[in-house]
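Participant: Bring the two chains, given one by one in their own frames, into a single complex with the hints.
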Amino acid sequence: MPSSFALACHNRGRTFQCHGDVHHMTQSLNANIPKQSIALSIKINGTRYEREIAPTATLLDVIRDELGLTGTKKGCDMGGCGACTVLVAGRRIASCLALAASFGEADVTTIEGIGTADRLHPLQDAFIRHDALQCGYCTPGQILSAIALLAEGPLSIDDIREGMSGNLCRCGAHANIVAAIAEVGGL
Amino acid sequence: MKNRTIARYEGTLKVTGQARYEGEMMPEGLLHAALVESPIACGELQSLDTSRAATLPGFATLVTHEDTASLKPSAATALIREKAIHFHGQPVALVAATTLSEAREAAKATQASIAARTALTQMGQALDQAYEPAMVGRFPASTRRGDSAKALSEAGLVVWRRYTTAVNNHHPMEPHAVVCWWEGKKAVVHTCTQAIFGTRAMIAHAFEMPPADIRVLSRYLGGGFGCKGQLWWPWMFWAMLASRKTNRPVRLELTRAQMFTLVGRRQETAQDLALGFVDGRLTAIEHDVIAQTSTHAEFSDSTAVYTRFLYACPNVTTRHSLVRTNEPQPVPMRAPGTAPGTFALESAMDEAAELLGIDPLELRLNNFADQDQENSRPWSSNSLRECYRVGAERFGWAERRARSAAKVGRWKIGFGMATTLYPAIRQACRARVALRVDGSLLVQCGTQDMGSGTYTALGQIAADALGLSMDKITVELGDTGLPDGPFSGGSQVTASIFPAVEAATSKLRAALASIATADTTLPLGGKPPEDLEFADGMIRSRSGNASERLTGVLARAATDGLEAEGESPATDHQKLAASGMGYGAIFVEIGVDPELGEIRVRRVCGAFAAGHILNPLLAKSQYIGGLIGGIGMALHEQAVTDAATGSILGKSFADYLIPVHADMPAFDIAMIDEDDPHLPGGVKGIGMLGTAGIQAAIANAVYDAIGKRIRKLPIRIEDCL
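Going down the list, the sequences are from chains A and B.
For the first sequence, our numbering puts the final residue at 190, and the numbers step up evenly by one.
For the second sequence, our numbering puts the final residue at 1036, and the numbers step up evenly by one.
Source of the hints: derived by calculation from the structure; they are not laboratory data.
A virtual CB, placed ideally from N, CA and C, is assigned to each residue, including glycine.
Any given hint could be a false lead.
Stated by the list, open to error - Covered stretches of chain B, going by a simulated chain A footprint (3 or more residues, C-beta under 8 Å):
1) 763-769
2) 961-973
To be verified - What the simulated footprint calls covered on chain B by chain A, stretch by stretch (three residues with Cβ under 8 Å from a Cβ of chain A suffice, anywhere in the stretch; the number is not a length):
3) 320-326
4) 332-344
5) 406-417
6) 488-497
7) 935-942
So here's chain B without its partners, still in its complex pose (with noise of 0.2 Å):
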């Protein structure tokens, strides 16, 4: 597979505005929707009264969770079927209308009374009420390896600190959004979603239809971060139902506050961690973690995951524990589980370094773990110790102790590193391709591209598979017509859909090679197939001088062109001959003004590797774009609950803090190729592994310049004066 640089397949249309999202489409006698509102955080709705509503210009009609009764009932459909109110915010109705202002009009005239249950509204307020879910993600919620307890009462160094992160919202720049129709009775729905075929098969089982008669289209994703997923189906259910009700179309477009309460959050930690050491090994770590789901789901991030195997320990334990209120569910956001995870782990290690009085780098590399212990197995490849050896020397590491603390006009100077890690797993993913007569290629895959870079990877494979210019491709995804393609979250679609495209693209070199070598008073003419190299167009022989253009080969015997679809599995589990990880090493400059507490992030080395990397200026983009995630959720995001009302505190960007380019740091990427045998195509998945580290990393940089350990995120201007 060759690494190289292409420039964003549908960069084009995004820069000249041509790109049209999915709820953007227009359909003739368009409604617009707008929500019904709860004003409080627990209850029980007693009654809806529309009748000014129903009087308002433009009013369409209302959908309430008495329409919803005639779906089926299912996880998806809960919230909307009962009158039970769970958190404030939450929609008691939909009202459709000619135009947006009128639907909004109509949705503030429509009174709901609701009869008022005190509401649980911060985790604080029933920390004694936790209790452990049985999974977090795929993971069990508890293990136990070896003997904590017993270690850490015997070990020459405890650190046993807690340390605690905050709700984040996702905030994707394109709000969900929903346009859909009934033609008879097959659903169309253009809507922002990760998934189109998890939200194909959500709408089958809640409208009981056949999903061949649900067409979801999703061809442009204006980011998701994990929030464009499960918790929108209910709302995009009441927009279906509202146009089945109207037989019209209906847009429904959540607002900006709205996306604090209706689509997922990241969801609040208290960690407690305690290492144990012994010369500077780790003998025992504990890691328990408390975190918030709401009353009506339950979620819990792999918080702890990474901390059973990220270090050689033989004794680990790890709890996850969940306290239920009145606030939104919280659904995976960007490097789930591990940023948080990471920032407890990574920021003890750094305190232990300190104890220890021995270099956090060096003590990282003391304590790398060369298997996976958690599950008994080699690693698939772990370059982790070439991440920290790498980013240190271009980072300039070695200077640390000269520059610590050392200021630059009012700046306090501090140095932090941490380590970053993201599981390598695939989805199971079907692709299509089409080769024309004139040497064009088709690529066929129905996963959605959330602005990872999923329409040039796609495109890439295929060219390269086939020896085609870019110019040559055309990539289509995003609609379920096309064949199953994954979900894009975890970092799993490139690993996942090149597996599926090099199948496909092998049956098209197969048939072409049959057809160039078939007749031997042509140059190809008997030589064996794997002698053949595709590469500018041409098929070539790699034993002689002996060519043909592709062109000249099907125009051959290929008139019609030819087609071929791939399949690949996902990752198998249960029969896992090695653990596929992706690493990083993150290390950061910082400034403190001590004066005014303000904090900057001047600089960021970040060294990864994670597996063959397809394309360096668009993994690139994707490293850097993670660091900026995790650099909000160090420093700047924080979604507040008012523990009076269960109201989630300013629901906008004036409150809500996220990065801007003012506070953009040099970034330093350097991405390190392994070879992966075990992966197909040594491809990992490199999107969350930005997202990850970097929080402890800043955490630790700040107790370096100004001697203060910060163990709660965001770090702001008053937990440094």
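Looking at chain A on its own, in the form it has when it is part of the complex (with noise of 0.2 Å):
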């Protein structure tokens, strides 16, 4: 944990507030036992949250357990699987490998703040057709990461086949899943 939480510190910026220093805070780390909790102010597809959470906790914990958005799934909670995929500022990242802390001003977007059944996003309606889902629990990190994909400019099928790769699926569903993705890029 220490090291992720250097990470994403350094990569964010401290933009956490905390209930005592920072020195204080590492002390606890060290110690194995986050005594204290910090004060998180988290916007979430456009919605600002005001939570008291673990200065330990990750943002997929917090976005599960604290914020009741289950869309965001836990596969492997080690950053291996992708289901945990959100999107912070239009860029997927794993949010089982996020410090929740160190994402206070950040812009994070979840399956929820992406389509509803009334007005699905295309690439929502598109897993549909394409039946690019079974048990559904990769899904929404399949969905979440083709997003930001479409958005770095995949030029081919492979590309779309190596930008998903960190998304796995267990059922198979992969062949739908580019096939869908490719439709709404119009590869």
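Facilitator: In structure tokens:
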């Protein structure tokens, strides 16, 4: 945890507010017993949420357990499966590897924020038509990853396959997932 | 029965993140649980020191084998009632705390003292202790038809080889989870299970409660593939005990690492296979399987069972034996038995074809079994030869000679093919349908949708039976409050629900027909019921232009709507007039980079014949998904036990590789529709078919490409160098 903590701080800047100073927090991390809570103010899908969270809480656990946005899934909790993919300022990240405390000024988008049953995002619609899901557990991560990937500008079907390879699927919906993404991306 | 493409019933809920999986329930006062694991593979628990854990913030309770003494002994409670340690990572306690991180901290702070014993950590350490189980699934472990030893001694050609397959783990994307609580003496259990009624029955047994006091829910299931079954029960029981001790709801969710040890795996096999031929015809088969099981439970895949009848052969001997090790317990996994079994048989057939100088496809056609020789009865239907023909044509198998060992860029190209098969059987099932006066229909069945499309199939069968559009249908499943439905396994659900829903809807049709024809002044008055058809929300006369809207009929004499239940029995194996089996032929093109050993599956053509296909869109998805699972077994997946400690090495997706998007070949799926008068609705299961056969097809293609015969799975880079 300390290394990912440092990484997150380095990448995102120290944007969290902390009860007590950072030095104190580091001590409690070292003791491996996070006793404090910190105040998190985080914007998800355009809504600002204020919560007291453990300083070590991952963005994924805050999204699922604190905010009840369970569309974001926990498949491995170590950045290996992509089920927890969310968008931060339009870029895809594994929220299980992100320290929630460092996302106070970020603009986070989860599956609940991209479309609803009445107004589906084009990728959501394409996933249904192409039957790009079976059990559905990897699906939110696949769709968010695909949204970011299309913004990255893939040039070919192989680019899509390569760019989506961090999102595992065990039912085996890969072919239909890539077909759905390619259709929306005009490839 | 209609064959039509309907989008996945629950698709919108899943793509919008609104489908709520059972581990995502958040009742007030929820406690989180974590497991304390044994750091050694064999021994006996002496004591647990919880003094430090109990002082940690958030700590609520600890559950151990002592608490479990209150549960009734059974196979499902053995592991948690006793102090014996059978494998590395076996939980010795469950800790519940206010938050998940607090639960994990408390679990880490709990010290277990274990008296260690020498562990057997690999099958190879104890091959001399192999023993024969009584049964392999529902089949006898050993069979002998004719005299294979004599026939082998007289054969013109004998292929006798050992094939091995590795341990695979199921790894559904959703880890096992339970959220449970008690309401007085009643239990509510939200859990991912492939068998809600089996789970309820085992809770009832263990806790000595009436089943009616237990509600098990599994409405969305993030995959299963065989592992969301009995091995989960002990840990789920502990969560229920923690809830009872604290009088608070408890959630236990396995970590990905625990998915390697606690919920089953495909057992490793070593298979000795001998094929004897005279003039290109099989005269003898011997198939001996040795496989691993744990020291605390017994399981054997039906690995050699399919060898008993796939080909025509008068002399067949098969044997299964098991070796107990201090490793995790195996359970069925995607295409259990057929996946490892066809790897051996279909690889050996390819080797035989090579030695006989005959095309592998032709060798299979020459040895086609036109009846089930093992059970001395006909096939209910068997379109395997059509699978071979259609698959070969679509794939371009005839180009094999010209293209074999050709190079495309850095890739040496190889073609391979193999056969797949899986039995078509059914479980008992009940279903309820309720037609409301507005013409909408509720369909209820207590089965689960593992992701295979059961919501859609239930809705579609009922909609078609009453001539309703899918937007009029509501499907409810995954709740023991509903009529008893089948467990999700063995490719049986669609075949099981079809006759039950058909029985229920036929009662509704009869009731509607009787209302529609009662009043002779109305258009359908006096028409015989058999003249009526249900379509487009109407009841129509086949013989004339008369029709009436379903809603009109309901409004006239059934303003409270109409309800009916239907049920259907399980397959009676003792009384079968014909053997039901689904078949497929798998053709693959691979590329091997001879410098790097890299293997790529370039394209796969699967031609399948599995009775009547309800929904080609979802069926195709299932076939492709199965093939991808098979590619994983063929080229990627292998769980390795550390011989010294008995721990599984690399318990993560970083080390246990599964196929990803970049590994995908092009897929071409041919579905050969069959009329099967022996099976209700002509429905056979399809889920397992894709996951067998392809392993041998890939191995055979590797041989075709680089001339190396690889008789082990997975086939890795180092095998091709």
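Participant: If a hint holds in the structure, say so; if it does not, say that too.
Facilitator: Here is what the structure says about each hint:
| no. | hint | result |
| --- | --- | --- |
| 1 | 763-769 | holds (count 4) |
| 2 | 961-973 | holds (count 4) |
| 3 | 320-326 | holds (count 4) |
| 4 | 332-344 | holds (count 7) |
| 5 | 406-417 | holds (count 3) |
| 6 | 488-497 | holds (count 3) |
| 7 | 935-942 | holds (count 7) |
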